[in-house]
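There are 4 protein chains.
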Amino acid sequence: MSHKQKVRIGMIGYKFMGKAHSHAYRDLPFYFDLGIEPVLQTMVGRDKTSVKLASEKFGWLSYETDWRRLIEREDIDVIDIGTPNNTHVEIAIAAAEAGKHIICEKPLALNTQQALNMLKAVQKAGVIHMVSYNYRFVPAIQYAKKLIQDGMLGEIYHFRAQYLQDWIMDPGFPLVWRLRKDVCGSGSLGDLMAHSIDLARFLVGEIKEVTGMMETFIKKRPLGEMSGGLSASISGESFADVDVDDAVAAMARFENGAVGVFEATRFGKGNRNGNRLEINGSKGSIRWDMESMNTLQLYLEEDTPGMQGFRSINCTESVHPYGEAYWPAGHIIGYEHTFINLMHDFMKGILTNTNPNPNFEDGYRNQVILDAIEKSASAGKWMKIKY
Amino acid sequence: MSHKQKVRIGMIGYKFMGKAHSHAYRDLPFYFDLGIEPVLQTMVGRDKTSVKLASEKFGWLSYETDWRRLIEREDIDVIDIGTPNNTHVEIAIAAAEAGKHIICEKPLALNTQQALNMLKAVQKAGVIHMVSYNYRFVPAIQYAKKLIQDGMLGEIYHFRAQYLQDWIMDPGFPLVWRLRKDVCGSGSLGDLMAHSIDLARFLVGEIKEVTGMMETFIKKRPLGEMSGGLSASISGESFADVDVDDAVAAMARFENGAVGVFEATRFGKGNRNGNRLEINGSKGSIRWDMESMNTLQLYLEEDTPGMQGFRSINCTESVHPYGEAYWPAGHIIGYEHTFINLMHDFMKGILTNTNPNPNFEDGYRNQVILDAIEKSASAGKWMKIKY
Amino acid sequence: MSHKQKVRIGMIGYKFMGKAHSHAYRDLPFYFDLGIEPVLQTMVGRDKTSVKLASEKFGWLSYETDWRRLIEREDIDVIDIGTPNNTHVEIAIAAAEAGKHIICEKPLALNTQQALNMLKAVQKAGVIHMVSYNYRFVPAIQYAKKLIQDGMLGEIYHFRAQYLQDWIMDPGFPLVWRLRKDVCGSGSLGDLMAHSIDLARFLVGEIKEVTGMMETFIKKRPLGEMSGGLSASISGESFADVDVDDAVAAMARFENGAVGVFEATRFGKGNRNGNRLEINGSKGSIRWDMESMNTLQLYLEEDTPGMQGFRSINCTESVHPYGEAYWPAGHIIGYEHTFINLMHDFMKGILTNTNPNPNFEDGYRNQVILDAIEKSASAGKWMKIKY
Amino acid sequence: MSHKQKVRIGMIGYKFMGKAHSHAYRDLPFYFDLGIEPVLQTMVGRDKTSVKLASEKFGWLSYETDWRRLIEREDIDVIDIGTPNNTHVEIAIAAAEAGKHIICEKPLALNTQQALNMLKAVQKAGVIHMVSYNYRFVPAIQYAKKLIQDGMLGEIYHFRAQYLQDWIMDPGFPLVWRLRKDVCGSGSLGDLMAHSIDLARFLVGEIKEVTGMMETFIKKRPLGEMSGGLSASISGESFADVDVDDAVAAMARFENGAVGVFEATRFGKGNRNGNRLEINGSKGSIRWDMESMNTLQLYLEEDTPGMQGFRSINCTESVHPYGEAYWPAGHIIGYEHTFINLMHDFMKGILTNTNPNPNFEDGYRNQVILDAIEKSASAGKWMKIKY
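Chains as they are written, first to last, in this note's numbering: chain H, 135 to 521; chain A, 135 to 521; chain U, 135 to 521; chain D, 135 to 521.
These are calculated hints, taken from the structure and not from any lab test. There may be inaccurate statements among the hints.
[What the hints assert, rightly or not] Under the rule of at most 30 Å between Cα atoms (straight-line distance), these lysine-lysine pairs were calculated in the DSSO-like manner:
| hint | chain 1 | residue 1 | chain 2 | residue 2 |
| --- | --- | --- | --- | --- |
| 1 | A | Lys417 | D | Lys417 |
| 2 | H | Lys186 | D | Lys482 |
| 3 | H | Lys520 | H | Lys315 |
| 4 | H | Lys518 | A | Lys417 |
| 5 | D | Lys417 | U | Lys315 |
[Said to hold, decoys possible] Partial chain A-side listing against chain U, Cβ under 8 Å, derived:
| hint | residue |
| --- | --- |
| 6 | Phe164 |
| 7 | Phe192 |
| 8 | Gly193 |
| 9 | Tyr197 |
| 10 | Arg406 |
| 11 | Ser426 |
| 12 | Asn448 |
| 13 | Gly464 |
| 14 | Ile467 |
| 15 | Gly468 |
| 16 | Glu470 |
Beta carbons are placed, not taken as given, at the ideal position from N, Cα and C, and that holds for glycine.
The following block holds chain H by itself, in its conformation from the complex:
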């Protein structure tokens, strides 16, 4: 493998996304012949014991406890930011100034201004940048994009998406960082609906205006981070206000005339990761649900009358996006492969010195929309989207 260009990764963060990204770097050369080889150089975390353990398990060559030291190092080509949202801006700008390529978890920042600053920094530095909206990289979604681009659905009239989870419904579930506005900016909005907005922009186009509604069903929660997984609850603790949304809904108008309806919640009992969308056009429709992510439902008006109906396409054929890399048709892939495909595009961007999609421009625009939804929800009226 000596002929491959080595790209040395420095990753900040080592939990859920740290695991997903680490795995993707490891598996990438196994599945794709890219002429590039990611090297798991250094993993960074503040807690030395934890990051040491994670770095060993996930196969990193070394670890650090200070992200600033990482950025100063010359043996690092890429900074991978998987930390809580409130830290993105500082790390990303420093990394850009140090000339590192950057991949950043979503949402890009706490707010529009931060995102804009980050965008300007990477543009000024001329580094490759990407934001990790991984659901774009489901083959069924990429194939949907191709179908829409090829005009198979005709003019798009409707986009509707729901992203439903249920992991914080227990009132005893504590005020983890994902429930604190100062750390994450918003709740289900930035965590879940941000994905749907990215898919909407990817598949349908730019959004012109929005109006939103936000709700926090459980107003107070016990303090303290979870230990040992997300499913337990804590009792006998002091309580604090929840200042992010448990649920959010939004209506939107797209520039091309389509209308959109979005909903995200962490109170959708029974929906573990119910990320679904449907698009209706003048000539056809698609439906997709992350819980059976390999399947794209496709309806085509051109089908013979009597034989019209939604087809269940198992997007694992060699003709499907990224399909050749994996297994024979019908042998499904899973959640982690969205990150392998995403890293494929990121590494290819580095190799060819071309920004992949979605990049910080997309991250910024997404943030503009998130902020508009939040403002409209509090103002009770529609907000124009201005980039």
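Assemble the complex: chain H is given as a structure, and chains A, U and D must be docked to it using the hints.
The following block gives chains A, U and D in isolation, referenced to the frame of chain H:
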């Protein structure tokens, strides 16, 4: 059958709903032992040839061409109103004044004022009244109601409903009465979303405030009613503006704290009659789709961890609402049975002199919400619901 | 309606099938313009109180307690046989000799010899005859037949069918007539698999040879018919041997080279009426399941690579068989409509003096196959099918 | 990672299974903390160029072209056999004699005698042995096993399985090794139904007797291996007879009284990898389909009447087998994870010096059943299973 009380029906209208109601009256005594027997006394339509034909095919004893004459007749106990929406108010008030029991198609009227007048008229007259929101009478929906009432879903957090059709997507489809505001009041709003609103009120409770969005994708259409079915298109005609909505969306807050997201469209390609809903509560969730109407999806938090998942309940067991009347478990019923069940409740109401649900009060409240959605869509802000 | 030819029905049997047939006769003229009107002349049952009650509820003009008297009557055109299987042969032959048209419930008889005698009798008498394999009359099945005839599936390689029920799994469920060989001939074989065999012959063609396996899981059951429904169990009774099959499986070869796999059981816990089939051909495949009977799953090889997948066709469009008669597309029909469609073909047969399908020839051939499966199961080897 | 026991793998074969196993060894320590680390020591293939390329892509430290040399080497702890079936016996016996642990692809051998010799060899050598029936390692299947063991389904009455593929339906598809009896022993029988038999033995228990039916739809095919994928066809070639089965079906009786129906085919148009099963017991049922492999359908009799139905369980919770190792609930895994889980059990077997399941005993018993099905198919009668 001579021991049964005969209830003599006079039906105004003989097309889609005329057929559905006629069939329901005929089949009712076959399936239910109610101690009542609807008599298909007279069918009314303006076109003599057509109404004669329809009345014979559907088994009516006679026909009339003037609905006023029908209302004057003493041999009529019930007026069944299945005409276009703009005629409901006049007929219903006249019928009430004549002391007839009334069942009226939905939406009840063109606007809140009409609906209120109708409600006052039936209340004053002391007649039995009902509005034909037939989807309440799907056994799966009635069973969902029971589960919610029994507390199986706990506190309700979310109601989401989509009602998607695709029958007017051809730009050559003409400006039939369902596309004219003066005749029907609104488009997908009153035709489709009205059903979802009725289901929301039935299953979750009263709505407190709403904000809506409406869209007309095809702005002009050829004049002229369809001949020979709804699927053909007309060409070479003069065109006129479409003044009702092709699609509508709304967000809502319920009095009990739940949030609602509604969407209805006639531009949902591939969805022939896609009437779906999902409700999430603190202890469980349900999902339902009219295209497989016998199935209720139920998730219960109380299920053993590891064995949790949405159950597909085929609501055809004898323990299910109306289940005993039909066939053995697993032998499904269809669209028309919603009307048989509805007529069961209507006739029982007459027999026991008790207003069934949904009645004109429900029709009026529904209309208030429809009007609020329309106003909020044009004002771009939330509207309080005041009955 | 005076211009329509009246066909006077005499029905023997008044339980499950009596209800289904009665309803079909009543609804037939409502949905179809056939130029014929079935008259519910007389219903026959041995128990006077019960048959009187059923005849009134189901809308019959009169009742009898002796089927021989019915057959002698001149005001009867059709004999409808819905009694237990062991009575079919005597009634049918007597009815044929009296010149009555005959529709008989399935399976046609207790064995091949009886079925052959019945076939000869109707042929000799020149009356119209039909056997009530109602699942042929699901629109999705009729449409599948058309697709196969049109060559859309190419050469047929595979037919597989399961018919799974679960209503006798309680060991306390008594030895009702459907569990006694002298009354019904066989268990799940004649009750359930007979339907799958009929569908196989209809859709694929004649069967050349079979081998079967039969099993009775509960060897003894309490004596006594059920009172008050099928779901209760009886205790403290004397027990007797069950001499019919609880479950049966069979492998088959068709004359056209296709292979078939059949399975039927009354021990398929959770399957209330799980009547399913799949057919694979060189150019396409279909799947169908009675529990969502309106849906035909269709796979076509000719679809563009990448867009291939099973389509869910809701066979309620006007282009689908019998579709025009009912409701707009997407408004589903149910179990009872299979009988309305069947009676449509039967009445049309009478009107045009042409035998409909399936008729006694089909009933006889089905019986030959049932007997071959039973013999092969006891001999442990393949049996040729010889008509 | 220096504290982990290193297990040095020598893999023979580098195509579909070589890729799947290589990936599993690589990912194993990423997901599981086993105290063991597989080292991808050497990959073997006859064609030097190809094996070099594959070994580099899949991350092997070296390659060989002669499997005998591999077995002689002292730096190899495990022999992984992923070659065509006719080579298994010689390699496995030599590896056992050399004291290597062995994992062998399925089916274990060409016939019962070979399999027995292999089993004796590993038992004599005292090495750890496993056969790669990977579908056992789908979490939903492992969970089904647990449910059955816990008695949740009660007494088992029915096992039915279909394994349907469609990749050789083009008559121009050439006579690859999987279509040659001398190389693979049988066609769909050993390739596909062998998996269903393994699942049946795992979930239900031992089989007592079987009867089979085999069919070859395309009798002659062009000679020559495929180049560049499996989807193209070859023309203008000389033809030879196909001597293995395109399709096979079997009926079976289990020792515990359950009955089984099996079907496998490569002519199931539209089914890419349709590996499905259903089990019915006295207290519940399960359904599973590999194309949505994470979902287990579960029906429980103990559910409240009215709320009974098949549940769709997404077996990705931490309480599900292997669930803790991967992603949060609802984030699905795919085909390749079956091999990671399998290697987990294999490595744990080596670590604890305990044979995992399924091992060569299972491989042998499976082979006995395969041979019995083949013999019964040609004899046209039932065969007893004797181990």
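Against the structure, the hints:
no. : hint                   : verdict
1   : A/Lys417 with D/Lys417 : 25 Å, holds
2   : H/Lys186 with D/Lys482 : 25 Å, holds
3   : H/Lys520 with H/Lys315 : 24 Å, holds
4   : H/Lys518 with A/Lys417 : 38 Å, violated
5   : D/Lys417 with U/Lys315 : 27 Å, holds
6   : Phe164                 : 6 Å, holds
7   : Phe192                 : 6 Å, holds
8   : Gly193                 : 6 Å, holds
9   : Tyr197                 : 13 Å, violated
10  : Arg406                 : 3 Å, holds
11  : Ser426                 : 5 Å, holds
12  : Asn448                 : 6 Å, holds
13  : Gly464                 : 3 Å, holds
14  : Ile467                 : 4 Å, holds
15  : Gly468                 : 4 Å, holds
16  : Glu470                 : 7 Å, holds
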